[in-house]
Amino acid sequence: MITVKVFGRLTDYTIKNEFNLTGVKDTDQLLKTLFNKYPMLEGLKFKVSVDRKIINENTALHNGSEVAILPPFSGG
Amino acid sequence: MITVKVFGRLTDYTIKNEFNLTGVKDTDQLLKTLFNKYPMLEGLKFKVSVDRKIINENTALHNGSEVAILPPFSGG
Amino acid sequence: MQGKFKNIFIQGPITHGFIAESIENHCHKKNIGGHSIFLGQVRADEKDEGNVTAIEYTAYEQMALEKAHEIREDIFQKYPLICAHIYHSLGVVKSGQISLFVFTSSEHRKAAFDACEELVERIKAELPVWGKELIEGEKFAWKENISNFNDKYNK
Amino acid sequence: MQGKFKNIFIQGPITHGFIAESIENHCHKKNIGGHSIFLGQVRADEKDEGNVTAIEYTAYEQMALEKAHEIREDIFQKYPLICAHIYHSLGVVKSGQISLFVFTSSEHRKAAFDACEELVERIKAELPVWGKELIEGEKFAWKENISNFNDKYNK
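Sequences listed follow chains Z, S, P and U, in order.
With our numbering applied, the first sequence covers 1 to 76.
With our numbering applied, the second sequence covers 1001 to 1076.
With our numbering applied, the third sequence covers 2001 to 2155.
With our numbering applied, the fourth sequence covers 3001 to 3155.
Think of the hints as simulated: they come from the structure by calculation, not from any bench.
Using N, Cα and C, we set each Cβ at its ideal position, and we do this for glycine too.
Just to be clear, a hint being listed does not mean it is correct.
Just so you have them, the derived chain S footprint on chain U, three or more residues with Cβ under 8 Å [stated by the list, open to error]:
#1 3052-3059
#2 3120-3129
Each computed DSS-like pair below joins lysine-lysine, with the alpha-carbon atoms no more than 27 Å apart [unchecked claim]:
#3 Lys-2124(P) with Lys-16(Z)
#4 Lys-2139(P) with Lys-16(Z)
#5 Lys-2030(P) with Lys-3152(U)
Based on the sequences and whatever the hints tell you, model everything.
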């Protein structure tokens, strides 16, 4: 099972800020599933983290992986 | 009459921090008078101000001029 | 895991009393010659929709604490600092209130200055924190820091 | 004449309460987005003669106020600042206490950062202020800021 967290403006388009997914083996597949469910997300800017590290390419996921979809930061 | 003010480490060598002089027509003459009175000052680093502006060359003095002898600053 | 990383988050605005206390806590470190402090204050910006009355901050807290830890370690490597502190608000901070407090101390001023500025830049660019500008009349707009925010997979 | 120039001098140390109050006074300026603060703290430096216990500050006050005024005018010309404040101690400030407080505020942080650093550099280089380091056992040493202090007639 994979935990997916959604933040910032992206939460305007998803029903929940956090949900679980099963049967996705990498981040490409996860994003595809996510875009199917929430088509509005596809046009938005975001980075992807796996286990709290931002990733630079399609990354394998395992049971217990924590994936987050991070729109542009705006702290401070 | 000209007012002379002395600051910082220079006050270790003068009896007073402020005194009056008459009969000096420019800063060269004033420094000469000062060095005669306090020979220790001659070897020390300092700038000279006239009426609270630092001067870059020998400067004429008038009745009421305020001259200050300023060792290296150390505020802050 | 949370315990491994120093907390940086404060619920609501950062108060003037908290800032004063932080400064006072350093008076026993007698090798400190200079402190540099940055305070981020919420602006009442005028938007097309109306005036900003507050910013509501949310964060990916655990990731932010890990990243803040990494940034602090980098900064101590790079500069001869005696202390470095980061505090960021979560929740609602009204315009005129403080939401970010970065505080560096060093023997000579240059390190404190440079480290403080670099910390602020890195915090704004790298911490997963989001500000939602609350606008009069229950409207809102998502704030975006001006930075090179590359898209997906960070390319 | 004195009245023409804003006073920057405070007798004794600059207190944490004074700093907190200064910050608080800016919460009504709702166009401010960032404050940069520098605090100079007296170090208990070890000298050959012993440890520094305090610095006693004296100044050519009227010239310092005129120069501070000029520096402030220059800085407002150069940077889009909303506020800029300078406070310097006179008299005895013990090690661990604050003797210099420079505070700049602007809409966007860069101006506040740059202006604060430039103010501190100019204050240290240009204000006629002298610090006498008081050392345990009634000894003393005159402090000297590291700067290009040219000799007489400023050559």
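Requested in this report: Take the stretch 3120-3129 of chain U, compare each residue's beta carbon with every beta carbon of chain S, and decide whether three or more fall closer than 8 Å.
Outcome: Holds: 8 residues of the stretch 3120-3129 of chain U have a Cβ under 8 Å from chain S.
Report task. Would you check the hint for Lys-2139(P) and Lys-16(Z), treating anything up to 27 Å between C-alpha atoms as holding? Result -> holds, 21 Å
Requested in this report: Check whether three or more residues of the stretch 3052-3059 of chain U sit with their beta carbon closer than 8 Å to a beta carbon of chain S.
Outcome: That given contact holds, which follows from 3 residues of the stretch 3052-3059 of chain U lying within Cβ reach (below 8 Å) of chain S.
Query raised in the report: Is the hinted pair Lys-2030(P) and Lys-3152(U) satisfied, with a Cα-Cα distance of at most 27 Å?
Result: violated, 35 Å
Query raised in the report: Taken at face value, is the distance from the CA of Lys-16(Z) to the CA of Lys-2124(P) at most 27 Å?
Result: holds, 26 Å
Checked against the numbered hints listed earlier, the structure breaks hint 5 alone; every other hint is satisfied.
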